[in-house]
Amino acid sequence: MKQLNQDEARRICERVIGFSKADECRVLINGNRTGNIRYAQNSVSTAGLNENVQLTVSVAFGKRQGTASLNEFDDRSLEKAVRRAEDVARLAPENPEFLPAIGKQEFRASATFNKDTAAIDPEFRAEVASHSIDAGRKNKLVTAGFFVDTTGFETIANSNGVFGHQEFTNLSFTCTARTEDGRGSGWVTRYANDARRFDAREASAVAIEKALRSVEAKALEPGRYTVILEPAATSEIIGRMFGAFDARQADEGRSFLSKKGGGNRLGEKLFDEQVNVWADPWDKDVPVRPWDSSSMLARERTDIIKNGKVASLDYSRYWAARQKARASGRHGNMIMAGGSKSMEELIASTKKGVLVTRTWYIRTVDPQSLLLTGLTRDGTFYVENGKIKHPIKNFRFNESPVSMLNNLDELGKPQVIGGDEVRFQMVIPPMKVRDFNFTSLSDAV
Amino acid sequence: MLVPVFGNAIAAEELMNPVAPAFKKSLADAALNSATKAGASYCDVRIGRYLNQFITTRNLNVENIVNTESSGVGVRVIANGAYGFASTNDMSPDGVANAARQAVAIARANARLQTEPLHMAPVQGVGEVSWATPYTRDWRTVPIKEKADMLIAANKAGLDAGASFMESRLFQVNQQKYFASTDGSYIDQDIHRLWAPLTATAVDKATNKFRTRDSLAAPVGMGFEYFDARPEHKVQAAGGVTTLYTRSYDLIEDARAAGRQAREKLGAKSVEPGKYDLVLSPEHLFLTIHESVGHPTELDRVLGYEANYAGTSFASLDKWRTRKFKFGSERVNFIADKTTPGSLGAVGYDDEGVPAKRWDIIKDGILVNYQATRDQAHIIGEKESHGCSYADSWSSVQFQRMPNVSLAAGKERLTPDEMVKDVKKGIYILGRGSYSIDQQRYNFQFGGQLYFEIKNGKITGPLEDVAYQSNTQEFWNACSAICDERDWRMGGSFFDGKGQPSQVSAVSHGSSTTRFNGVNVINTARKIG
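So the protein sequences, as listed, match chains A and B.
Counting from 408, one number per residue, gives the positions in the first sequence under the working numbering.
Counting from 882, one number per residue, gives the positions in the second sequence under the working numbering.
Among the hints, a few may not be true.
Cβ-Cβ distance ranges computed for the label pairs, FRET-style [claimed, not checked]: (1) GLU1366(B) with VAL622(A): 42 to 50 Å; (2) GLU1153(B) with ALA651(A): 41 to 49 Å; (3) VAL622(A) with THR1203(B): 19 to 27 Å.
Covered stretches of chain B (in silico footprint by chain A; criterion: 3 or more residues with CB under 8 Å from a CB of chain A, positions within the stretch not fixed) [to be verified]: (4) 988–998; (5) 1077–1090; (6) 1145–1154; (7) 1178–1188; (8) 1397–1409.
FYI, nobody ran anything at the bench for these hints, they're computed from the structure.
Even for Gly, the Cβ is constructed at its ideal location relative to N, Cα and C.
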């Protein structure tokens, strides 16, 4: 199915809304063309291209809502989808929390599309894999990696006149290099919406260097250490925290942001004053669509943590109406301020510490304190007197991001970073953190 | 674990229209012929229709009802000794023939990068056969109102019993899968699965504390009869601390208990960290089995094919080759299977047309085998595949996925109450909680839903803030007792993620209540800000 341009998408939205006999109608169209290549054991294992366009229509009769979707766009199919949604709506029980569709919004376009990324072809992907595999072989390493690029669009519309259409591109690359004897392992991740900012050779070299350096790791006693965390080591820890910045959960008393006696901790200083985090759909490094697809609200530049204070929480439209607060569209990115120091400079100013490349299998242990557990992986090193002294065995940690962001020593230069299990695109600085809690050793390499 | 992937939404009444086998056979033949003509030495075709219905509720409100359908065809070929795969939702003879030709072209391109040709273990063609999940009540025929009323009644029971908030959901899956291959198989399968997770939350605003208690029931490969709770399917946990379920589930009773127990957890004693003997119920142990035994014995992980994401495995081929690698104590026996009725992994045939079977993975504590697909069997000296191939959609390429991996029941008669009597300082853990394990499956940390202190052979009261940390081999070697088959039952994972791009699968793990000596327990309570 071919991707739709703005005029084609608008015409289809108008047809769908025209077919609807319900009190209101909302339309969402997502299209994407995704190419990928996967390799392991120095050989390509799978490569593919998927293309799809899907339309979702939601209608409501009073507080009864129904949803249907389809990937065919002739009039007959569109009308059938609308009738299906209406059938489901008639069967559905009333939802007392249902709110009518929003009124017209102004969307200021963001630069989410890049033609160089859109032009990526199978040869480009094969080149990425071959740079990595060849460089690995030269160093007697075994490489495994995954490169994926997406070109797509999103269109939103409703029966109150909301309309938005924007194209986007992005790519992501991860690569693991391991020594043949399995005693050393290194990893790298890269994310960009602009292919010109991606260099497969540079990225693979990072994974290879870490693999070679990580052989013959020594065991360090578990305990509290000063840590230098690369952005990839904190993206999921921080991403999980912002995923829990929900006003309703906090007001209901079931969040680390709940206040004793009731209410939430908006405005309180919960973090070190160096911590400044905001969302900005127009950020040049991680631009995202200027609307939230589910509520269709226009996104805004929003401070989330300002000088260590909780500056905003996520309010759904229902909860905002109930609490007399302002509803916010869900953020699409997360930008954290940093300093100007490189990783090397952060290491140079460290007397004793642990350098962490990546964290892995992070899960919430206690939502009350947002205690998370997880492990270090693919490049953990002991730092002494400003230098990487030797590789060390991996640790399990049990730590809350709230404590972590209170124990900040220093922030480095922010970098663009993606996360395996996080919905945000992020810019995060490397961090030097005191008293990070490693609770046991892992034999994993 | 991942969130479900939704397909296209459809009206409830359309769920019941199956695609005729004759139509599927003709489509499959079009693809097989096209692939063979284009030069493929092997071809398999998977025609899939995936139906789901999801219902989500919160307190006394139904938040969402979604019916989804996804249909299409995936064609996998071998040409020039390499795989090629292509998929299409154009279910016409021309559409699938074209996909088959694309798959052959991709195989030829991949062959240039292939270091050695594929070696497929033989499989006997079975002709035209069919298999279906045994069920007596088809979830697709149960009215939405009956399902919504059941969930709301459960939420009400939990709220009445002490919960501040209740959430319950119902996931219902039907996979209509037609497999055909150039080996001469035409296999029509109709697979049904269900899961009804719930969470009770109790809040004490005065102390700013909250606690949750999730469902203690398993997801199953059954029909809606699972929710017709029968007294003979109820089990009392050791010390009568709660009610547990085997082949049917009393959702409302469990929700009521969840509401009460979430409230009780607010006042439970915080655990003293240290070494404890752990008594783990099957409702908890299944996830520890999944992570520490299921994943490390996946042969693709062992070989390095998942190195970039999920990781590799400590259970390496050199350890296996010694035939002496002591994975666990001599009482530890793990059996892999795709056959147990009611389990999430039960099928007639896998996604390579291999009949479902059972085999030993750990025998008397020794690592004896892995989980393999057709192209892996020769690596471990097997003459045929274990039947572990699975794709989560017609549009996904099949690869090695975990079968049910279960701990065999103890051979001597032993009940959970008798097990507790022998424990001096221990903790009884029920339900799945937080879980995390390293990329080679050595170091893990698990929590649960309910914890009870055991002192001098007696359960003395509830505990909180418990998690245990261990090393897989140490842990299974610390296994000191397993209850007998009267206590054996299955838990399961409904959305197990693996691969890049990620695919989900569903798998069950059975065990009886099991004891582990001297395991390190940490206290997870923290103060922030």
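Quick rundown of the hints versus the structure:
1. GLU1366(B) with VAL622(A): 42 to 50 Å: holds, 48 Å
2. GLU1153(B) with ALA651(A): 41 to 49 Å: violated, 29 Å
3. VAL622(A) with THR1203(B): 19 to 27 Å: For VAL622(A) and THR1203(B) the Cβ distance comes to about 24 Å; the hint holds.
4. 988–998: holds (count 5)
5. 1077–1090: holds (count 8)
6. 1145–1154: violated (count 0)
7. 1178–1188: Coverage by chain A holds for the segment 1178–1188 of chain B (5 residues, Cβ < 8 Å).
8. 1397–1409: That given contact holds, which follows from 7 residues of the segment 1397–1409 of chain B lying within Cβ reach (below 8 Å) of chain A.
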